[in-house]
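2 protein chains.
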Amino acid sequence: MNNLKQILEPKSVAVIGASEIKGTIGYAVFFNILTSDFQGVVYPVNPKYNNIMSVRSYNNVGEIPDEIDLAILCIPKNAVKEVIEQCALKNIKGAVVITAGFKETGNEGKKLEDEIAAIAREHNILLIGPNCLGLVNTAVNCSLNATFAIGMPHKGKVALVSQSGAVGIAALDYAQQHELGISKFISIGNKAVVDESDVLEYLIDDNDTTVITMYVEDITRPTRFFEMAKKANAKQKPIIVIKTGRSIRGAQAIHSHTGALSSSDTAYDSLFAQCGVIRVTELSELFEYAKGFTCRVEPKGKRVVILTNAGGMGIITTDAIERNHLEMTSFEESISKELKRVLPAEANIHNPVDVIGDADAKRIADTLAIIVKDKNMDALIVSIVPTIKTNMDEIALSLCKIAKENPQIPILSNLMSLEPEPAFEKVLEQANIPNFSFPEINVRTLSVMINYYESIKQTEELPARYPVNEEQVKAVLQLVRKEKRIRLSEAEGYKILEAYGFKALDYRVAKNMEDILAATSQIGYPIVMKILSSDILHKVDVGGVQINLKNEDDVKKAFTTISDNIKKLKTGTNIQGFLIQKFFTGSGIEVIIGANAIKGFGSLIMFGLGGTLVELFKDVSFRLTPLTKQDALNMIMETKGYQILKGYRGHAPYNMEGIVDCLLRLSQLVTDFPEIQELDMNPVKVLEDGTSVVVMDAKAILSGEQQIV
Amino acid sequence: MNNLKQILEPKSVAVIGASEIKGTIGYAVFFNILTSDFQGVVYPVNPKYNNIMSVRSYNNVGEIPDEIDLAILCIPKNAVKEVIEQCALKNIKGAVVITAGFKETGNEGKKLEDEIAAIAREHNILLIGPNCLGLVNTAVNCSLNATFAIGMPHKGKVALVSQSGAVGIAALDYAQQHELGISKFISIGNKAVVDESDVLEYLIDDNDTTVITMYVEDITRPTRFFEMAKKANAKQKPIIVIKTGRSIRGAQAIHSHTGALSSSDTAYDSLFAQCGVIRVTELSELFEYAKGFTCRVEPKGKRVVILTNAGGMGIITTDAIERNHLEMTSFEESISKELKRVLPAEANIHNPVDVIGDADAKRIADTLAIIVKDKNMDALIVSIVPTIKTNMDEIALSLCKIAKENPQIPILSNLMSLEPEPAFEKVLEQANIPNFSFPEINVRTLSVMINYYESIKQTEELPARYPVNEEQVKAVLQLVRKEKRIRLSEAEGYKILEAYGFKALDYRVAKNMEDILAATSQIGYPIVMKILSSDILHKVDVGGVQINLKNEDDVKKAFTTISDNIKKLKTGTNIQGFLIQKFFTGSGIEVIIGANAIKGFGSLIMFGLGGTLVELFKDVSFRLTPLTKQDALNMIMETKGYQILKGYRGHAPYNMEGIVDCLLRLSQLVTDFPEIQELDMNPVKVLEDGTSVVVMDAKAILSGEQQIV
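So the sequences go chain by chain: A and B. The first sequence begins at 612 in the numbering used here and counts up by one. The second sequence begins at 612 in the numbering used here and counts up by one.
Here chain A stands alone, though its shape is the one from the complex (with noise of 0.2 Å):
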């Protein structure tokens, strides 16, 4: 459903409802399109008026003599299906519902939303809203405000997409306030028919877009969105999102480990984290590392130097660049000494350069000629405070010559100002130098660019499919849902998980004490006897599992006690028998790994050691399905639980491509059958001898719905 030029470039603009009465949307959208220098022609339609602020009416689209690239409508919501219908016959291809009344409001208008969506589908009509607040275009051959509430800010490099009109206001509050220029701003409200992914699409191939900004309440179609996502990184154009609603989880009941820990939130969280889309927490971090990307020079590495005529400030970025995990630069000694010459005693010339309180343009700039020449800085930060002696207009166009002649470092700036709106802010947006208020923001800011240039170069294709064995798992899950069962036994879950290559503790299943002591001489003592059941989710708890049996007289203790344990439980639980493992002490150690099934996302992958404070320190993490290499390695690197696998205190390290590969096998496995709601492996077994990973417990459950016991 693409593409959107000629909504976003139209030569031609019909505004259906354009009004003549101030205050009503109509007389905005008009009003704006009519003097933001558009470079089409606009069409007022209303059949109330002959004209409209001069300019001729029409009663209805139909009516227009020339073909509508774009019709905007601004309507009672009742009259909106009318329209659309009217532009279908019209043959017109874009339009933008500004009416509101529609999905916000509940059932009765999400209908009437349907239907609308429904006819602009099936006449091909590319539909924006319905509740927005229009689109604006910056672009000197368009020059388009299709807004009924904002003004048009000033052309830039920035696009803007938002699900929230208000937020779409602020945003344009901030960027007149901060020099930050629009390049496009589309507001996709409802998103009946377009959405943020068909907009992605547009900005990726915009020449005027080097950085996309969007608020989004939900991602419409995950796939898809990733997939654009990865395209705009092949053209390094980074996209910031805020996404809202963190904390709303379904009302779906929850089973396994993965389950508890896993998210819509952490699925979002995923789905940014694996197409590189930079995601932020506060509105303000938004504006400021879009305006940080409009420097549009990649960072080779961490080292920063900084520059400043006030040590306060010296100290304050480099607090910031440790807490950001950047590093300080060391200066080549020949630097250090050519600072030495053009500096007073007092400076310092090492990094934090100190230029001190009387310095002037001039000695800024003598400075900065001499820092650019260091081979050990990968990015400059330059925080000057006025004083008596800083003229900052003059500062800031020595800031833009040493831009200029060094295009391949980027130079974040932090000149203050006692004035109200400064000249010199123009000049460093001009030259795509960020200005910002606060050194920590440059910092911060630069840690983010950082990220995304090492983010967006891992490598990223897909591992080969391993040879598994699919038709055993249709057979387990055919007979799971004969028996009209979500839960898998035990038993079950092994089945599976062999199939696709795992290694489970060898296991027998038993119907009774004959079956058991059979089990028992073929695995050897001792042994663990389990109850057997898809109907109990925690055996321990019902006294469904005795361990470390070494004899046969202690096998026929533990079957009484199972078996009088058993009687016990609700009548109707079905019990498949009993489980005999190995019970296993040889040494390693306890993994969790789990998968959990998200709406319109996949599967989230969960990793993370085993035992009781690692749950309670939360340390696991997560990556949507299809898992890549990189994904798995990712995943185990960030626990903290890492820095034991990889040899904790003269430990030697532990098997991590057996986790990779335990991790890539259940990505597949649940890729292929997403109907495998959640899966629990808890735990795992990574031996110490590094020979195998053993699955020790598995639960599995397979969408829908299931009284458990």
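Watch out, some of these pointers could steer you wrong.
Because identical chains cannot be distinguished in the list, a pair is counted as satisfied if it fits within a single copy or across any two copies.
Unchecked claim - Simulated pairs of lysine-lysine, DSS-like, Cα-Cα distance not exceeding 25 Å:
no., residue 1, residue 2
1, Lys-1015, Lys-633
2, Lys-951, Lys-688
3, Lys-1251, Lys-1229
4, Lys-1257, Lys-1229
5, Lys-1240, Lys-1229
6, Lys-1114, Lys-1150
7, Lys-633, Lys-1000
8, Lys-1095, Lys-1178
9, Lys-659, Lys-1000
10, Lys-1122, Lys-1106
11, Lys-688, Lys-1000
12, Lys-633, Lys-973
13, Lys-1240, Lys-1296
14, Lys-721, Lys-951
15, Lys-984, Lys-1150
16, Lys-951, Lys-722
17, Lys-986, Lys-1037
Bear in mind the hints are in silico, worked out from the structure with no lab data behind them. Since we're looking at a predicted model, the values are computed, not measured.
Here the structure of chain A is known, so what remains is to put chain B in place on it, guided by the hints.
Same frame as chain A, now just chain B:
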């Protein structure tokens, strides 16, 4: 060293080094005082001039015929000493030395600064600086701008104390752009005589100041600062601090876990936390929270109501509420009912209240009038986005009216505007309604306010002293000093702990096999045998520990093994014998408790659960001595380990009282004996049965230097 009244509220000021040459500091300071509507008399002093800006000038301060309250020095650094002597002769009691080039430039400068400070002290001159920006007092009966770099900020309730002049400028820049009124600004520079605690003492009594903000790179006298902060709490004057140089730590060798995990920054964190000072990370927060507190209404709880005209802002704000651990008010039924009456059907009559995009000032005022009647609201956040219907000035006025009628409700607003300098911001400031650019700032600020008022309410008395045996500790420490050691042996560690009422695991010191067997027969098998040496830091690493010795045979073998290992040690290693302890298998949970003396601060007491994982997660907490009972409880509760201690997954809670007791006894011990540099009890076992808390190992190091094996 106070009172600073005559410096900050002078009737007569001499500007020594005043000048007519634009661009000099002497010009700027004199010009600023002369033009800032100063209510006293200003005298220029400079032998080069007959008059400065038409004001009669004097050759030196001694020539001035009147009394002088305050001398401001903007003269070359080599003249400062002599001029301070002249001030002393003239009986001037206040001086601000703006001149730089002292301590900040190295040893020579430091020497000069020390000499000047000595003269000032001798003559009871309160000296601010050197190397400072000057000071500002906006009070109408004073109106003094004695700085060289900034214009007069507008009058308000926030005082700013800054060790860096530059940060002061940045602050006043923010203040000007964000309608934050200033009461006093004091640039304290090198703090040769007057430090932040002195200024604090003055500001606590200053009725024009209700919020105190500080930029410091160190606190000169932590104990006095603590005292002053407590006084500020009694007056409910919040102190907000940005303390930089977070990562600086001394070169001192570290012997203990506590030492390794603590730092001077931890000490600052603890200092601030224990006296209710709000520490912030970024400069912007300093000003944001200061602005928040100008609201001057204490939130009675955490339940917030949000009113907005934009759904997106409602969602963003709700998200922020959750992230900051605040709560959303659930309206009483009657409130929602009334809201339903005045709001359109599409509005949200529940919290967050959304009056929707076509709301005008009247609808907002009506809604406000209803909302404030709810009994479950502790604070109100109003976020209004500009639309064609919003008259922000009118909306601001309704807010002011509501604030006046409901003085018990803290109101924070987020009225946005597309104007560069909207008038309503001044209106809101006058009404003590802090207005911010983004709704998340409102929430963060409110959360800081709530935490502040909670923290200053905590009861604060120190617990009664435990009866202890100080003589026993003295004897041990004397012996250690006599032997020119700094490390105590394990047995000596137990001795000083036992003297302070700790229960150590039963132990005997043995010199030879005969002693060992005698000790064993008293303690009973199984036992642990440890090498006893104040020279050995890690007993296990040198093969000096043998555990679980079950009989005489085991003991003899262990004796041989340890003796053999000792022989491999460096010659001269001081061996005090063997330590025999019960091999303790009683069940319980291991914790680590320690102390680390930080120069100027007292000791940092540390608490955490034992074990590798806890170490990995750095899940430990710190407080400075002397501890209150509440401090000790807070220490336990702020670790994640607390979840386990209070009873995890059905386990009975552990003996928390016993841990608190240990923390308080340790606090008493290291307060009584500040020469104890580091002390680790690791592990301490909190017995399952709740009977006792047993120290299983102890390391103690006294201050001083010693070669460690």
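Right, here's what the structure says about each hint:
Neither within a single protomer nor between protomers do Lys-1015 and Lys-633 lie at most 25 Å apart by alpha-carbon distance, with minima of 47 Å and 34 Å respectively. Taking the shortest Cα distances, Lys-951 and Lys-688 sit within 25 Å of each other only across copies (22 Å), while inside one copy they are farther apart (72 Å). In this homomeric assembly, Lys-1251 and Lys-1229 come within 25 Å of each other (Cα to Cα) both inside a single copy, at 10 Å, and across copies, at 10 Å. Proximity of Lys-1257 to Lys-1229 under the C-alpha cut-off of 25 Å is found in both arrangements, the shortest distances being 19 Å within a copy and 18 Å between copies.
Taking CA atoms no more than 25 Å apart as the test, Lys-1240 paired with Lys-1229 passes inside one copy only; the shortest distance there is 23 Å, against 30 Å between copies. Taking the closest pair of Cα atoms, Lys-1114 and Lys-1150 come within 25 Å of each other only inside a single copy of the chain (22 Å); across copies the shortest separation is 41 Å, beyond that limit. Taking the shortest alpha-carbon separations for Lys-633 and Lys-1000, only the inter-copy value of 10 Å comes in at or below 25 Å, while the best intra-copy value is 50 Å. In this assembly of identical chains, the alpha carbons of Lys-1095 and Lys-1178 lie at most 25 Å apart only when taken from the same copy (23 Å versus 72 Å across copies).
For the homomeric pair Lys-659 and Lys-1000, the shortest alpha-carbon distance between copies (23 Å) is at most 25 Å, but the shortest distance inside one copy (64 Å) is not. For the identical chains of this complex, Lys-1122 and Lys-1106 are intra-copy neighbours only, at 18 Å inside a copy versus 62 Å across copies, given an alpha-carbon limit of 25 Å. For a Cα distance limit of 25 Å, the shortest separation of Lys-688 from Lys-1000 across copies, 19 Å, qualifies, whereas the shortest one inside one copy, 61 Å, does not. For a Cα distance limit of 25 Å, the shortest separation of Lys-633 from Lys-973 across copies, 18 Å, qualifies, whereas the shortest one inside one copy, 53 Å, does not.
For the homomeric pair Lys-1240 and Lys-1296, the shortest alpha-carbon distance inside one copy (21 Å) is at most 25 Å, but the shortest distance between copies (43 Å) is not. Proximity of Lys-721 and Lys-951 under a CA criterion of 25 Å is satisfied inter-copy only: 22 Å between copies versus 71 Å inside one chain copy. For the homomeric pair Lys-984 and Lys-1150, neither the shortest alpha-carbon distance inside one copy (68 Å) nor that between copies (52 Å) is at most 25 Å. For a Cα distance limit of 25 Å, the shortest separation of Lys-951 from Lys-722 across copies, 24 Å, qualifies, whereas the shortest one inside one copy, 74 Å, does not.
In this homomeric assembly, Lys-986 and Lys-1037 never come within 25 Å of each other (Cα to Cα): the closest approach is 30 Å inside a single copy and 50 Å across copies.
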